[in-house]
Structure formats: structure tokens, C-alpha cells
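J.: Chains as they are written, first to last, in the numbering used here: chain A, 1 to 807; chain B, 1 to 239; chain C, 1 to 190.
Hint data in this document are derived by calculation from the structure and do not stem from the laboratory.
Hints are not guaranteed to be accurate.
To be verified - Computed footprint of chain A on chain C; a stretch qualifies when at least three of its residues, placed anywhere within it, have a C-beta under 8 angstroms from a C-beta of chain A:
id, segment
1, 90-100
2, 127-135
3, 151-158
Yeah, the Cβ is synthetic: ideal placement off N, Cα and C, and Gly gets one too.
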Amino acid sequence: MTNHWIDLKNSDCILIMGSNAAENHPISMKYVTEAQERGGKLISVDPRFTRTSAKADIYAPLRSGTDIAFLGGLIKYIIDKRLYSEEYLLANSDASFLVGEGFEFKNGLFSGYDAGKRAYDASKWAYQLDANGVPKRDLTLQDSRCVLQLLKAHYARYTPERVSKITGTPEKDLLAVWKTYAATGEKGKAGTIMYAMGWTQHTVGVQNIRAMSIIQTLLANMGVAGGGVNALRGESNVQGSTDQALLFHIIPGYMATPATNWPKLEDYLKRRAKSNDPLSANWWQNEPKYMVSLLKAYFGDAAVKENEFGYQWLPKLDAGKAYSWLDLFDVMYNDRIKGFFAWGMNPACSGANAGKTRAAMAKLDWLVNVNLFDNETGSFWRGPGLNPAKVKTEVFMLPACVSVEKEGSITNSGRWMQWRYQGPKRLGESRPDGDIILALGNKLRELYKKEGGAFPDPILNLKWDYGDSHGEFDPHKVAKQINGYFLEDVKVGETLYKKGTLVPSFAFLQANGTTSSGNWIYCGSYTEKGNMAARRSQKDAPNGIGLYPEFAWAWPVNRRIIYNRASVDLQGQPIDRKDWVVKWENGKWVGDVPDGGWPPPGSLQNPDPKARWPFIMTRHGFATIFGAGLKDGPFPEHYEPLECPVEKNYMNPQRVNPTAPMYGTKADAFATCDPRFPYVGTTYRVSEHWQTGLMTRPQAWLMEMQPQMFVEMSEELAALRQIKNGERVKAVTARGSVECTAIVTKRFKPFKLADLVVHEVGFPYHYGWRWPVSGKEESANLLTPSTGDPNTRIPESKAFMVNIVKI
Amino acid sequence: MAKAFFIDTTVCTACRGCQVACKQWKGLPAEKTVNRGSFQNPEDLSFTTLKLVRMSETEIENKLHWLFFPDQCRHCIEPPCLEAAGEPKAIYKDKATGAVLYTKVTKELDTESIIQSCPYNIPRKGPDGSLSKCDMCIDRVSNGLLPACVKACPTGAMSFGEYKDMRFWAQARLSELKHKYPKATLLNPDKTRVIYLVAFNPNLYWDYAVASEREFDITRAVAMQRLLNPLRGFFSQLG
Amino acid sequence: MELTRRQFGQITGAAAAGVAFSGLGSDLKPVMAHARELKTKAAKETTTICPYCGVGCGAIVSTSQTTGRVINIEGDPDHVINRGALCTKGSSLYQLVENKNRLTQPMYRAPGAKQWKPVSWDWALDTIAQRVKATRDATFTAQNAKGDPVNRTEAIASVGSAALDNEECWIYQAMLRAMGLVYIEHQARI
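Looking at chain A on its own, in the form it has when it is part of the complex:
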């Protein structure tokens, strides 16, 4: 979230699309309701009428996988009716930047496409630079090569008629949503978006979100109270676990994982593009400080300048190769992974095409499964269709403690790092995950110390002193390590920071090995003033908009609303005078922690040389409507899901995202416009369960409320297939089948597309054969396909083709 949960109350219009907050983030409705009571509007756009839709002022249905058509139509609506803020666009975005002649869009493809590689040469999409290497701008926004004009030209095709033909949304509903949301472009009004996996789990996932980011920029909704782009994270610490980089492509603090194209630390530290605009903060130019401090946190005293601070001890990726979830299980399926940790996770149910995942696990030599409960992953060898005698995999199942039985921090969707404490003693022999990791690391280090082995250096040099006096995991020690220390006496300005003290914020980190920080964005979270995440002050900030700056701690630097300098005009005065976020007063910023302390520019023509443009994390300092860094084009374009019900994309001649990843094993079958699989299928969650259900299915109270796997369908489809409400039926895709209870409901309606009627059905993905013990309630991910977004490689679990048959 750019903003945070409480801030939803400040919104004049909340669009819930690609998420279902009332069911999956129920407490967020406290603030959604508050916004409504203050006169704000709630819009719900969803294939199915949900508990969120039940509270919405406007509900509009759309067929799964067509969000870009819907949002592209909104972009066109805003531009055609000139509902955007020119002033805001000039001060905050690249709308006025001129794009080079290499960029074009024709026949559904952007320039630079290589069909053999299914990839673009993104160098074709670049801004025109002046003699100083700074992007050329047209402050009149009239040049046909300026981003705003290119945007207008791109979305000219997204008429209400055409959008409706694709999405199945009646035109009047489209216009109602567009009109209501676009009204937030008015000065002082704020609109916000709450999205989740309904947007990310598509072959166009990133572009769904970019389309909304463009809308938020056009309507001046970025950086303001009640605005922003808000991803609702589905797990209590999925924000934190991403920040701490339990992902192949990043190391802590969103830095790239070392790869073969940066063989030396020097190459790595030089890889970021410089900005030649003296007014661009281009914050990532500080990355060397963060990287060297991270290496010092990893390897301690062993990391010295002479050995590149241990850079060679980190594994490197092959440049350009993906090692993502889909790739990992593809490689495992192809017999190339021998050992596997499933730690606090249930891959046998959680990822798309779970049947392939289960088959892949049977090829392992060993599996370590750490969890609260036995699950479909740990017990995969005795799962449906497997003969245990034939499964050679050795399995270790380790009992972890529940969160209330240990101490540590988690980071919520609003980037708030919050400390929690141990209540009960541990159950049985269960142990905190941290303890298990620490103990395993100790064993491994002992082994390498004793026996030697392949390249023992990183294992033996890893700083691993995170035990307390009993040798048990000490979360405070790690929290301090993540924050970082001065490793020498360091003088910053006039102040001397003593060796061994905690670094107050990332502005103090050094690139010469004199500081450590396990994660620069968390620098400031645990300082000499104490554990910031444990704070509980009820006091609001002076702007009174619900920031609660002394309750817990938010990254970065306790900023509660990021990009907040976009909430003010060129003089630093709030555009919304009532719900203001920051303002420039007597030579300093007040309110939220600003995105940098520089003064406001004053004007665009003659900016104060001490000023910096507001979007400090981008190279040129402006929000990028033109997304030149993506794998599938600088503007979002509608493509159908890999599995779709239509022969033709009504927007362009390419049916599917031409860069979507494809996998080629027999387990990766897919089917489009195949009469065997005539209905659109999607997956979702319900309030009463969570993720694959591993922390809810063993609980009687929750099972009482949602006891069985189900499929929701319209009354029309049920009549067509002669299915009765409550009847058990079978859902079948090209990959698998699952038995479900039919919920026949008015809340799903058939979609009228151009020349056909399409039915959609929906499945919760919470179930699995291990719980309930009947073994009959299985995972919806046995149905979902092996493809995903080309940028993030998040699987396309939200749109696929399915049949429903009577049993």
C-alpha cells in the first residue's frame, strides 16, 4: 500500500476491484464504512456479487481477465472529458516527456518484439533526451510524441461499446463507474483503489496495476490522503517476507539478486542508470551504501574491501533467467531438484497447477516440511493417487510454534512493522521457526567446519550469532541487525556516532564497510531510542488524518503515505487543504515524514536548485505513465487470459499477452475455446478460511461455517446443466478435476459478450485432502494453469476454462 488502512476513511471514492475486502480483509471495512458515512462512494467491480458488493454504492460485473479493457476505457473517459489535472501531471509525472521515434504500437504489438524469444527489446521504448541527457519535455502537453498524447492515442480504441463487448459489463454500468471514479480528479477530492490477487494473478497482472496507477496519476490521487494505489496483502507478513527478500529475484531492501552480468561487486554497484537532471534525487544512486551494509550484515568482520565484502559468497543467477515458483516446480518436475524446504507453506495446494507440484515432489530425494499442522505437502506421499511404497522421498516434518508462542515483528499491508509478544508457553515440542532455522544453521556450520566440503566459505563466514544466553533464537538481536550498526566510529556532519551503536536511519549508511544494515528500508526501526515497532502511542499527527506516527513503525523512515510530496503544489502547499498530508511551512515540512526534506521547486521553468522532483525512487524524479521498464510494453493493453472463451481479442489482433511464460511438460496442458471446457473459472477466498486453509481447516469453528469445497454458479447455468443448489458436482479443466458442492446463486450472472453468452463459475482455493479428514475436499489449484505474468511470473490463477459436470 502506498497509503495505509486507516487512511481509507479519508477517501471520497473507493474502488474495490481485483479484491474483495469485506471477505478477505474484513477489518478494512471499518474504514471503508467510515468513508461512506462521510459521504464517500464505494464501487465494487467483480465477476461475482460479493459481500463487498453488498455494501457498495455501485456494483459492476466484469468477466475475469478483462480489467485492462475496463480501466483503459476509464483512461479514455478521463482524457476525453479532460478530467485530469494538467498542473499535477506537469509537476509530478512524465506526461510531458517526449518519447523517441523507436516506440510504436501496431497489430497488438509494441515495437521491438521478437517472436522467437517471446520477448521485447525494451530499448525501443525510451524518452528523447536533450544534450545533457535529461528527458525532453513539452510543457504544453500538445506534442504528439509526449506521453500524454501517446496515452490518448493508445486508448482511443477503448470505447464503451468495445469495452463492454470484452468485459461483459453493461455499458450503463461502465459509465456509472467511470463517471463516479473520474469525479475524484476534482481538486481536493481523493479516490483510492483496493486491489489484491484479483489483479496480480493474470498474464497481464502488472499491467492491470499499471493501468490503475496511470488513472491515479491522471486524477492527482497519488500521495494524497484517501488516495494512492493500495495492494491488500493477503498474509500477515507477506509484506515483511517480501521486504526481507524470500524471493529469487531480490535481496533484502528490493535490491537485485547478484547475477552473471555483474560478476564483480564493482559491476553490481555501477549498474543503476544515472540521472543527469540535477533536480532528480534518483534515490537508488545510494544503493552502494545499502548493498555494502547488507554484505556487512551477512558476513560481519569477514566482509572486507579486499574480498568485495563477500560479494562472491552470494550465489548468482544466470542473467535473464527466471527461478520463480512456476520455474522451480517445472525444474523439480523435470527431476533436477533433489532437496526441498517447504517452510510455513503448503505448495501441494497453494500454487497454480498443484497437480504438477504434487507430481514434482514425488521426484525429490528429501523434503523438509515445517508447519503447525500436518498438511497436503508434508503428507503428499500418501495423498490421492499415490502409492506410498513407490514414493522414494524422505520427509522430515517439524512442528512450529503459533505466533502467540513466540516474539518478533511482522509488517502489515500498510508497511507498519508491529512487534508481538509471547503469551503461552510452547505446545509440546513445537519450536519457534527462528529457533529451528538457527539450530539448523548451527548444525550445518558444525558439519562444514568438521568435514569441509564444497565452497564452505559462505557458510562458515556467515554471521550467525543470533542466539540468546540459552542458545535460542533472539529476535531482538536480529531486529537490531536488520536495522544496522555503526561498525566504526563514524562522523556524519558534526556528530560522531560511536562504534557498536545502532544506526538512526538509512541516511547514515556508508558504502565503505563502516556500517551494517540487514535491510536498508528497515533502518530506523530499532535504534538507540528503542524498538520502534513496539510503540503504542494513540496520538495522531498534526494533520489529524489518522497517521498515528508513534504507533508501531512504518518503512521507509516511518513515512505513512509514500509519494506524499505529490500532495502539494509547486509552493509546497496542500492541494487538499482539509485532509492535508505534508506542507512546507517556515522553511520546513510538517505533517507526515516527507519524501525527502528538500524545499518545493516553486516553479517548473525556474525551479529552486535546492529542490528535488517528488518521485525520488524513479530515475528522473517523476511518476512514469510510460512504463519503459516492463517486459510487456510501456502501456497496458488488453490481452485475453491464456485460457479464454473468445476466439478473438476485440481490442487487437494478439489474443494472449505475447510475452506470457509457457511451460511444456504434459502436466502443463491448456485449452482455449475448447468445447470440453466451456466456462470461465476463477478462484478466490472467503472470510472464514485463509490461503490453502492450513491455519483454518483444522479449526472446528471455521469449518462449521465453510465446511466444504464449493463452486458458485448462476441460476442460468445451473438450469442449463440441470444442477440443483447444494448438489455435489465435478469441476474439470485440462489439468485436473475437483469435486465441489454447487452454490447456485443470483450473485453470478451470465456475461453477454459481443456475439455470445459466457458463463463464469468461481471456486475458493482453501481446501485440501488432509483436512477435513474425509479427504474429499480438494484444492482449486488442481484446476489452475501453468502460466503467469511475464514481469512477476505470478501464476494466472484468476482466469481459466472449466467444465462443470454432474456426478
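Keeping the supplied structure of chain A fixed, place chains B and C upon it in accordance with the hints.
T.: Showing chains B and C alone in chain A's frame:
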């Protein structure tokens, strides 16, 4: 200083936190259920399910609505069940809060007539023959805490406090909502300590949302009780 | 831990409703023994953050001083996000903790075996460390096919976890990267 709930169904999201919070605080077991083609589960209140969010899908003036109704004992101001029981050891009213409370002694009475007497179809019989229903979390309320269900509610759909405050608040909220929902109404606000605000015809939410046709009409059993012992009802209310 | 401005579920503006059974003979008290004492009365209270979705609601855990186990978990009224409220899952947290289905000791399943076998922590961790080392040593790649230095093993993979605390995530990724893993993924990808 009697208490009341105010339940504003227009902001209930059916998160069902209240339904579980009730079981959690009271340590009530889960029921074995199946999916009957609905999100609402269990199907009905029971001896161990004292709070239930009822869910109904209905089209009103060509617009789909999914109506949510967190059902529970209304703690009637003059409870017919208490009169029907006529036995303060079995059913009595807590003087301080107005909570209508059942004890295990209910199993010694004609439970059918007590059940029949309730215009909201609330009391449920357990395997031991006694009756149960919501007790207003009398333990919590007596110690200055909110009932578990109210505390759990995120959107303010459920409130709890002094009867006169709740009554006032309910009326104020009703006036506020009248232009959005012209058919909005409060359900039996003068007769119960659980005042519901609904946006549409109450029968669309649940058959017994508003007092049934037997509304405060004494059943034959109650009439007999009164004839036999005119003071029993009076004593019962002293608790 | 500091709990400020404690308002643990207090009813605004109302004094406790009183506990007297006035007006009834003392013989009636036992049958009307609706518990007027809170089950949490003597419990130790700690604050926690709900482990389910990403809203980050606060809850208060009441733990028995005698058994050391949980008596009650409900919303934290001083938490500025949820102000005491909890949804279905948050309200059922107690049952996540006090659950007979939980794993309480390490288990092992040998190749081809039909059953789990309980094992000791020491044995499990020793054996896992040996497996990691054997697989890593046998598959460690100093240079890739093109001859670029990579110092990695592609034969071990890890998934998880958004269910771990930040501090646990951090040391877990540090350990995995020191082991040379590149197949490191978790919930955020799916």
C-alpha cells in the same frame, strides 16, 4: 440502567466475527455442518449456536441485494418466554441489565411451550433437555466489558450500551438513512433490548426478524400459568 | 511491554452493571450461577498481531498462570487499526493455538514408508543438515556452462514463508543464500 444492543444491518458485512466471538468467549463447540448451497452456516441457531448471521439474496426493484441479519435473543422488555416458564429458577431477568437469563432448571419445565412463546424463534433445546440462548454475555457486561459479539464487530453494525442511548442512536441513524432507504425501519424498538435497523421489508431478511404473528400474544401455556399463579411472572423479573 | 490507556472493552460512559442478585432469596443463587467472574480474571495478558491477513489487527492473549496455555484471545481496543474488532478468523485465534490437530513433535517418513515415525529434534536436525550438505556438495556449481562464476546449487529449493516473523525471514534467507540456493520463493509469488 438497563442495557440494549443496536444492530444496524445496513453496515453489517457478514464477516461473522460476532458468530465466532460468541463461541470463543463461551467455549461453545462447533457443529458438524455441510454446505447446503449457501454461505450461511450453521443453518439455524441451536443449543450451541447462540448468534447466527443470516444471509439472504433477494432482488428488490431489479437490484440484487445480499441481506445480512445477525440473529440473536432480543432480551424482550417483557419476555414471553419468562412468563411461559413462570419459574424464576429457570428463566429470570437480570435487574441491572435487563438481560433475560436461562438456567439448567429449564429442563424441568414444559420447554415446548417456552419455545412456542418466543415471537423471534430463539430458544433451543439441548441434549440434556434444558434451553439455551444468548445471555448478553452477562459475565462480561457485569464486569464492564462489551458483549463478545459487539466487541468483535468492525463496522459499527453492532453497538451496546444504555437502553435510552441505543434507542436514541437507532432513531437518529434511521432518520439519517431514510433518504437512502425509504423503507428502512427499526424492529420492535419498544419491546426488545436488541433493536435492529433494516433497510427493507424485515421478512426479506428472516422470517422472524420482526415479532411473528404471535407477537406478544400470550400462548395458551402462558395464560394457564397466569391463571394458576399470577405473581410468578412478577417474581421472575426481580433477578 | 507497555499497555497505554487501558480500555479493555470498557463500555463507554457506563459503570459496571453490578453483580448483586438483589431481591431473591439466597436459595436461588446457585441455580442462577451465571458466571459473574471473568474467565480471564487471573490471566497474564500479552498483545499480539493477528497472523491471518495483512490488515495487522491487534489482539490480547490471556494466558493461564497455572497451565501456561491460552484462555482467551480477543481484539485489542487500544490498537489504532482494529480498535478491538476482529473478523471470523481473528476471533477463532484461540482455536488455532489450542488445537489437538497441531504437530507437537518432529516426524519422519522414510523412503517408501507408509507411516510417520516420531523422532527427536536432535536426530531430525542432524539428519537434515547431513542431507543438505550431501546434496549441496554433490551439485555445487562454481561456474555455469558459460564459465561465469555463480557459486550456487540448483538442486535444493525453498518455499516460505509469509507466516514467519521478519527476523525469522531475514535469518532464513541469509542461511539459504549462504548455502548457495537460487530457487528461493514464497507466498508473495503466487
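J.: Does each hint fit the structure? Answer for all of them.
T.: Now for the hints, and whether the structure bears them out:
1. 90-100: As far as the segment 90-100 of chain C goes, the hint holds, because 7 residues have Cβ atoms under 8 angstroms from chain A.
2. 127-135: Since 8 is at least three, the answer is holds.
3. 151-158: holds (count 8)
Violated hints are absent here; each numbered hint is respected by the structure.
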